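**Q** Sequence:
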Amino acid sequence: MSGSADIPQARRTKAIRSRGRPPTGSAQSPAQRMRRYRERQRAAGLRAVTRIEAPVGTLSGGALKHRIIEARSLAMHCLAAQKIMLDPALLARVRRTLNTWRARYGKDAPRALDEWAVILRRPWPQIAAFITDPGERATRLRQSTPFAGVLRVRERERIFAAFRVCGVPTLST
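Using the working numbering, the letters of the sequence shown correspond one by one to residues 1482 to 1654.
FYI, nobody ran anything at the bench for these hints, they're computed from the structure. Because the structure is a prediction, the values reported are computed rather than measured. Yeah, the Cβ is synthetic: ideal placement off N, Cα and C, and Gly gets one too. Be a bit skeptical, because a hint or two may be false.
[What the hints assert, rightly or not] In silico DMTMM-like pairs for lysine to aspartate or glutamate, Cα to Cα no more than 20 Å straight-line: (1) Lys1546 / Glu1617; (2) Lys1564 / Glu1617; (3) Lys1546 / Glu1638.
[Claimed, not checked] What follows is a list of derived Cβ distance ranges for each label pair: (4) Pro1511 / Glu1638: 28 to 34 Å; (5) Val1634 / Arg1517: 30 to 36 Å; (6) Ser1510 / Pro1569: 30 to 36 Å; (7) Arg1519 / Lys1588: 40 to 46 Å; (8) Lys1588 / Ala1544: 33 to 39 Å; (9) Gln1513 / Arg1585: 47 to 53 Å; (10) Val1599 / Arg1517: 29 to 35 Å; (11) Ala1544 / Ala1508: 45 to 51 Å.
The whole structure should be built from the sequences, with the hints applied where relevant.
**A** Spelled out as structure tokens, the structure:
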């Protein structure tokens, strides 16, 4: 006989548990683990982006490129939200950036900066939900985002490279 039939039951159970599996009775199916993961993400104010709203066949070349650029911006904001969730001090940097921009413009500040000021007064879960929202208002405000300084150069380059595959030019090309 070969395999696990030669190993006594007590040793087999201990060996299985030592490989990182939970004790009997508390094991979860992959679907249960995924549900718990998604619940934690929702509780943190994050949502999964599953697709772009408009069907590709109805968009012209320029509009399609614009949608891809919007998707790239959304991807960057999703990554920024993850980083801020891990290090809340980054949110203070975002607020400082916005205050610097508003001081530079004085009374003639663009309306988008005033909108960002209102949004950044909210609690973090609401801010995270907004910056990862694929809706029209969030998309418009992401074009003048104070979250630009949250991502490192390599993180931005990785996202740009992923979208370069789609044929969308970047700022450097």
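**Q** Would you mind marking each hint as holding or not holding in the structure?
**A** Evaluation of the provided hints:
With a CA separation close to 17 Å, the supplied pair Lys1546 and Glu1617 stays within the 20 Å bound. At most 20 Å may separate the alpha-carbon atoms for a hinted pair to count; Lys1564 and Glu1617 exceed this at roughly 24 Å. At most 20 Å may separate the alpha-carbon atoms for a hinted pair to count; Lys1546 and Glu1638 meet this at roughly 18 Å. Roughly 33 Å separates the CB atoms of Pro1511 and Glu1638, a value that falls within the hinted 28 to 34 Å.
For the pair Val1634 and Arg1517, the supplied restraint of 30 to 36 Å holds, since their beta-carbon distance comes to about 34 Å. In this structure the supplied range 30 to 36 Å holds for Ser1510 paired with Pro1569, their Cβ-Cβ distance being about 33 Å. The beta-carbon spacing between Arg1519 and Lys1588, approximately 45 Å, falls within the hinted interval of 40 to 46 Å. Between Lys1588 and Ala1544 the C-beta distance comes to about 36 Å, which sits within the given range of 33 to 39 Å.
Between Gln1513 and Arg1585 the Cβ separation comes to about 51 Å, which falls inside the hinted range of 47 to 53 Å. Look at Val1599 against Arg1517: about 34 Å separates their beta carbons, and that is inside 29 to 35 Å. The given range of 45 to 51 Å is respected by Ala1544 and Ala1508, whose C-beta atoms sit roughly 49 Å from each other.
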